[in-house]
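**Q** Two chains, two frames, a set of hints: combine them into the complex.
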Amino acid sequence: MQVSLITVIWSMSASACLTLAAIHLLIWAKDRAAVANLVFSLLAIATAAWTFCELWMMRADTPSEFATVLKWGHVAVWLLIVSLVVFVRNFLKAGRPWLAWTVCGLRTLLLLVNFLVGQNLNYREVTHLGHMRLLGESVAIPEGVPNPWILLGQLSLVILIIFLAEATIAAWRRGDRHRASALGGSIVFYVLISTGQTLSVFWGVVRVPYVGTVFFMGVIAVMGYELSKDAVRAPQLDRKLQVTEAGLRESEGRMSLAVEGADFGIWIRDLARNDIWATDKWRALFGFSKSERLELDCILERFHPEDRDAFRMAIEKAAEGDGRYEVDYRVVLPNGELRWIGSRGRVEFDGAGKPMIVRSVSQDITKRKVAEQEVQTLQQEIAHVGRVSMLGQLASALAHEINQPLAAILRNAEAAELFLQDPSPDLDEVRAILSDIRSDDQRAGSVIDRMRGLLKRQNLVRRPVDVGELVGGVIALVGSDAAARHITLSVAMAKDLRPVCGDPVHLQQVLLNLIVNGMDALGDVTGKDRHVSVSASLDGPGSVEIVVSDSGPGIPADKLTHIFDSFFTTKPEGMGMGLPISRTIIEAHGGRLWAESNNGSGASFRFTLPIAAEDLAR
Amino acid sequence: MSPSAPTVHVVDDDASFLAAISRLLRANGFSVRTYPSAHEFLAQRGADAPGCVLADLRMPGMDGLDLQSAVAQTSNPLPILFLTGHGDIPSTVRAMRDGAEDFLEKRAPKVKLLDAVKRALARDARERDARARQRELRARFDALTERELEVLSHVVQGRLNKQIAGDLGIHERTVKLHRTAITTKLGVQSVAELTRLTQEAGIFLEPARTFPKGQ
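Sequences listed follow chains A and B, in order. Position 226 of the first sequence, counted from 1, bears residue number 226 in our numbering, the numbering being contiguous throughout. Position 23 of the second sequence, counted from 1, bears residue number 23 in our numbering, the numbering being contiguous throughout.
Just so you know, the hints here were simulated from the structure itself, not pulled from any lab data. Virtual Cβ for every residue (Gly too), placed ideally from N, Cα, C. Check each hint, because a few of them may be wrong.
[As the list claims (entries may be wrong)] Beta-carbon label-pair distances, calculated as ranges: (1) B:R135 to A:T526: 49 to 57 angstroms; (2) A:D529 to B:T145: 53 to 61 angstroms; (3) B:Q134 to A:D428: 43 to 51 angstroms; (4) A:D428 to B:R135: 42 to 50 angstroms; (5) B:A125 to A:Q421: 48 to 56 angstroms; (6) A:T488 to B:A125: 35 to 43 angstroms.
Just chain B, same shape as in the assembly (with noise of 0.2 angstroms):
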């Protein structure tokens, strides 16, 4: 299996339950790693492997709750499946508010199982490559300079060069200039595109910093 093969990691403090899903994830093709508690894993884990979680809710100690949120904290949020000896309701509401891929009974049907977990592994690929572009796209934006990005934020609202000048207090030929140093930094011909690009990369998601005086 090749370095970047994504990772199943079961974390279940059943040490006889982590052997058999174990068995059962690498018959059906899986690579697997098995920790015995929500400890272990947050030290063993890789720091960018591509994979998935798949945690007994109840354990002792740090359980699966706690283990959700300190998963969602790092920079490889690994999609989380819930796995449970039975319903418990308030948990599952938690768990999945919280995101949780899925919530799987211990003896929920293999199929299900395993379709979960090759949702949460595809979940997992769509989420990095994302994360990938964002922080490509984000990378080009970081060459731009405070007024540029000031220029822009008035660009994709929409507003004309003039207005522009008005609100910002200089010439509309400076304006002029800053949208050419824009799209060159991009690399987008059209308006339409530096709109689209922008909202990609999630920058701008708050109100523009400056708003025009008197309205």
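So that you can see chain A by itself, here it is in the shape it has in the complex (with noise of 0.2 angstroms):
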């Protein structure tokens, strides 16, 4: 018997389908989510389907044999195009939806006009069946009355080709360039030859009876490969995923080791489910069981009162921000220890900013807080003794400036008593001397309230200190010490200045230092230039500077760097601390202090001061 070539080849291709489209769908049938398997799956079936089609048509006896099948074919048409389409969107990821639906729309209303509409959707009628040879074999080839409808459907055709051209452009300037090249590149190629082939033999340009498998089977070759690929991917995926948890459980052991070696204690607060999750050494931190259920209103029930509001608002803060935070405070253990605690974390949020996660860690810091609070405690101390050192080298001065209004008081009562005397008394000048005396008493009461403020022994206590008020108070210390050293003393302050954020005795002491500095500068200079000035200015958007200059013999370059130091002097009485002391309460302010020689007329010390935040909010 001969063996039938045509049989052969379009046989084993629809079953090279049907192969494919089983394990496509078998593919799916494991991993629902993998829809572009079932599509390529559906496509195999369609493209096996019309195969067959084209088969019989191929090896039909009568006409009306040959409608039939034709007709029929046009279902696997349909089924072939619409997985294409839906193919095409889901797998390259590209295509414009209205051109997928009008293709999409366009075969399902031709699908109703085939069955409804003359024989099928080509032709009205076939009237007569031709025949010619084909690879040895005789095949029959259609002719008769063509379906007007068809041009619809090769219209149809040809937007097909459009939405898999664009598709494949956009994929390919997305840079997707593989699958655009290969997948999108090959489908639109067989398409566009199984189209042609169909719309030529349809008109009669070539006599062939419709092949469109051939071509056809390249799309399917080509997708199939593609798809492949992924499967193939998923194991050597899945090995990387053991490696990687290899690696995960390495690095997560590793990570508690260093965890429990730092002492830090780690807890993640899930906002979304409103969980808490914490490790044994955290809640050890906290006072917490390690079967103890955490909830947030415990948590902060441990901490110390004044403390709770800093760390919401640092929470808050950062949820506003970049999400990282750093606080410091303390919690009171159960049993009434207290305990300060260092905390570093960073919330998470979700897509739409809304924060999710709080992870942070929290560590012991109680030593280094003691250990601080020591150092401080020492600073203030040191700080107190340069106060109450410089006010007695403005002793002299100060007990001046206290007498004066003593003697006007004094005077003013000898006054008084002499005219009420008289017998009939001026007793408006005597009201005059009573309230001349309530003023002088207040004018000495201020001073000395002046100079307890700066004896107090206090902490360091920031808020918003005006600086001209600052200035002012310690000119009206210094001033009459300046003025019996034939010395002017002269202040310049910016108008725009904002009060800044400070301890004012801290503050005065500092400019009282350098102020009295700067007078001892002009202990050689004679003549008319003895003058100390001091200004103020905005020093950008987020503190002020002030600069206290003499018209001394400036600092020699040798010595520059040294003046900071403790114990330096160039003064037979100092102690060398007072710079030293300045600088450390300006650096404890935030701001910096730093000395310039003016070239041979006078030195300049310069400090800033940060502006106080509320002020800078507004």
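**A** Structure below.
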């Protein structure tokens, strides 16, 4: 028996398609998310079905048999085109939706037409079957009355090609070059050829039967290859995942070792699920048992009452900003023990920018805090000693400052006594005297208050401080000393100054120290040019710069670097602590203090102070 | 108060003390003028009115000591009383050496203050009289000629006419004529009186301009 090549080729094509369809259907069945595989299966099934139709048509004996097979073949074509469109949208992730809908809609409409108008979509009636030889066999070729609707069918094929071409170009532009060229390019190529072949056959340009399958097998092959690459990649990924997991476990192990070693406690708060997870170390830090359920309220209850708000504010600020926070606070353990905790954490957000998770590491910093506090206390003690010694230097001037109003009070009182001895005393004069006595008393009192303020042994408490008042207060203290030493004090304040954040007593101490230093520097200067000036101006958006300049000889370059060293002094009775103390104070305020020599025309001491936060916010 | 009544000039940069002390002094019957600075005082004070100055030692600009030297150089060197808030030894020493009338603390007892002011005014009156007399005497001496003054300088040294004539290289008779002219012009009778007057007028405080040759 002679073997029919056509039967062999078309049947093999169909079975190859069906095999691929079965494989990919199985993949989809295992993983329902693999929609591309399902669509490919449908495409392959449709191709197989159309292949059978083609074979049947070539072997048709009567025109009506041919017409009927072609009619049912259109169901396969419909499925083929729709699957192709869905596949391209799904796998290539490209293509204009409206083109896709147009193609699918048109084909569905044409499927209806196929069953309702004429014998099928192609022919109103197949009138005659011609025959030709293909691969050594006689195959049927239809002749008949074309169905006018076929034009719409051919239009739908053109739109399909446009859709495919556009999707390919879009994928290419997007940078998905491999898929665009291998998949998109070959689909377009084969669809173009098979459509061209179909059209040529239909309009009788060439006399061959419908053999689109031959070309469409190319599409199936390319698609199958691309999809199988994904299938191959899966086990590779799986192996990688295993390696990664092992690495992750290792890194987790190292991490927990580091966390334990560094005495860190970790806690994670899931805001969405309102769940708190913490390591055993963290629980120990906060005095919770290992099994106790953690609630935010219980945790906040452990916080020192004064620190709760600061902690909340730190988290809120982090949630509004970049998510990071760092905060120190005290916790009170159930046994009453006070513990300092240092926490660093991160707020993580969901896609909409809503805080989702707060992760935090905490550490016991009690020892560090205690040490810091000791250092602070010591610094404050030194600063206090500095103030006492400075006031000692100013004592004679301050005594004068108090004596002046006291003398006025005495003389006024004596005058009043005399006025009252008069038989008809001038009471207006006496009233004026009493009023003067009151204001002189207040004047003496304010000098004493100012002195007492400076002598107070107090902690550094920061609050908004008006720079003008600060400078004014110090000038009032040194004014009479300056007058006695024939020194002119001048003050220049910028108009746009804003309150700084600081402790007025400590800041006055710095100013007092710098001004007295400036006056001491004028010791050898004779003549008219004996002045010390104080000026203040904004230094950038967040700080104020205050400058104390004198008209003395300036500071030699080799001493400029040492003047801030402890016990460095050029004065016979100096302790060498004034400038180091001042620098410590300014740095504790978050500012800087430095000196400049003005090329023989005196020295300038400059320091910066941050503008008070509440003022900055305004 | 008569225009010639002595005035107490108070100079102090502290307005409140200035008001208080001027009230006290006025209540005690003094005529008082106040000045907020040494410069103001120097610019405003009368040319030759009696009085005294009560000045703060420590003042910005021109201080008490500067004021003292400025006042001393004028034709009306009023006595100065210094006021100070507290003792300041170097300044005190300088002020007293330069002839300060007194040195008072601002809160010194009232009696001490008033006594010091009275003393200063008395001293001013005394010095003013002395200055007036001296001016009057000097006017009389101004009438003498150069030669007569020369002769007078020898006379008050107790030299005889013959010695004077020898020293000056003139005739003894001429010396006698000069002596007569001197006693007439100065209105004195005796050599003793002439000597006292010369001392009082404060001339020849320096050694005689000519000295016996060969001695």
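**Q** Do the Cβ positions of B:R135 and A:T526 conform to the proposed distance bound of 49 to 57 angstroms?
**A** Between B:R135 and A:T526, where Cβ atoms are some 39 angstroms apart, the hint is violated.
**Q** Is it true that B:Q134 and A:D428 lie within 43 to 51 angstroms of each other by Cβ?
**A** Taking Cβ atoms as reference, B:Q134 and A:D428 lie about 47 angstroms apart, which means the hint holds.
**Q** I want to verify a distance hint. Is the separation of the beta carbons of A:D428 and B:R135 within 42 to 50 angstroms?
**A** This hint holds: roughly 46 angstroms between Cβ atoms.
**Q** Check the following: the C-beta atoms of A:D529 and B:T145 are separated by a distance inside 53 to 61 angstroms.
**A** holds, 55 angstroms
**Q** 48 to 56 angstroms was suggested as the range; check whether the CB atoms of B:A125 and A:Q421 agree with it.
**A** Check failed, 28 angstroms falls outside 48 to 56 angstroms.
**Q** If you check the beta carbons of A:T488 and B:A125, does the distance land in 35 to 43 angstroms?
**A** holds, 40 angstroms
Hint compliance for this structure: hints 1, 5 are broken, all remaining hints hold.
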